[in-house]
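Participant: Sequence:
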Amino acid sequence: MVERRGEVAAGRNWPLILGFVVLAACWLGPLPAMSRTAFSAHMLLHLGVIALAAPLLAIGLARAGLRVDRLRHSSAAISLVFAAEMAVVWGWHAPSLHEAAALNVGAFVAQQVSFLAVGLGVWLFGFASDSRRGLAAAMFGFFLTFVHMTMLGVVLIMAPKLIYPAELCLGAFGFEQLDDQRFGGILMAAWSAVAYLGGAVVLGARLLAPEHEAKG
1210 MVERRGEVAA GRNWPLILGF VVLAACWLGP LPAMSRTAFS AHMLLHLGVI
1260 ALAAPLLAIG LARAGLRVDR LRHSSAAISL VFAAEMAVVW GWHAPSLHEA
1310 AALNVGAFVA QQVSFLAVGL GVWLFGFASD SRRGLAAAMF GFFLTFVHMT
1360 MLGVVLIMAP KLIYPAELCL GAFGFEQLDD QRFGGILMAA WSAVAYLGGA
1410 VVLGARLLAP EHEAKG
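Sequential numbering from 1210 applies to the sequence shown in the working numbering.
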């Protein structure tokens, strides 16, 4: 009986398991090595951690019972987390920090850990919150995240020349250097639309659901 309950719990919490699988594939697969010389590979790694593994882990933790509504000063915490996410994403895509992460193992580890931390924080406020106030704040934060990540993607797409050192944009898929940088921008803009704009729509639907009408 206990064993069967464990199997049911594991089956119900498949997002948590899948999140760890995706994270392992991102960090233990070929992308870390490829990202040292290809910007598009870096972007696949970045988005895989922050916008694929992180939401799966957040959904899994929410299913396990974690709730961020119980935090004191949750409104301030939401603002802090979404501001930190923007600072981390834009900061690590500054040319000097991007180069440091590509060439230095310590900087690379710090980059990836910070991506996961802010990504998990953002998605937890989206999926581990039940109050109307929390859902509304998270929905607004998701929309702002979509906007700022799309803006960064557009900057990378529209740049007339390389923003990053040429040796970091050699291309992993047969692209020329500038096209490699632009493809990374396309990935960021497209993925942010699917993940964060889609997340905002899902949160809006939850906010309008009858069971949330009476919650503060």
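Since the hints were derived computationally from the structure, they do not count as laboratory data. Here the structure is a predicted model, which is why all the values come from computation and not from measurement. Treat the hints with caution; some may be incorrect.
Listed below are the simulated EDC-like cross-link pairs for lysine to aspartate or glutamate, each with C-alpha atoms no more than 20 angstroms apart in a straight line [stated by the list, open to error]:
no., residue 1, residue 2
1, Lys1370, Asp1388
2, Lys1370, Glu1385
3, Lys1370, Glu1308
Participant: Tell me, in ascending order, the numbers of any earlier hints that this structure violates.
Facilitator: none
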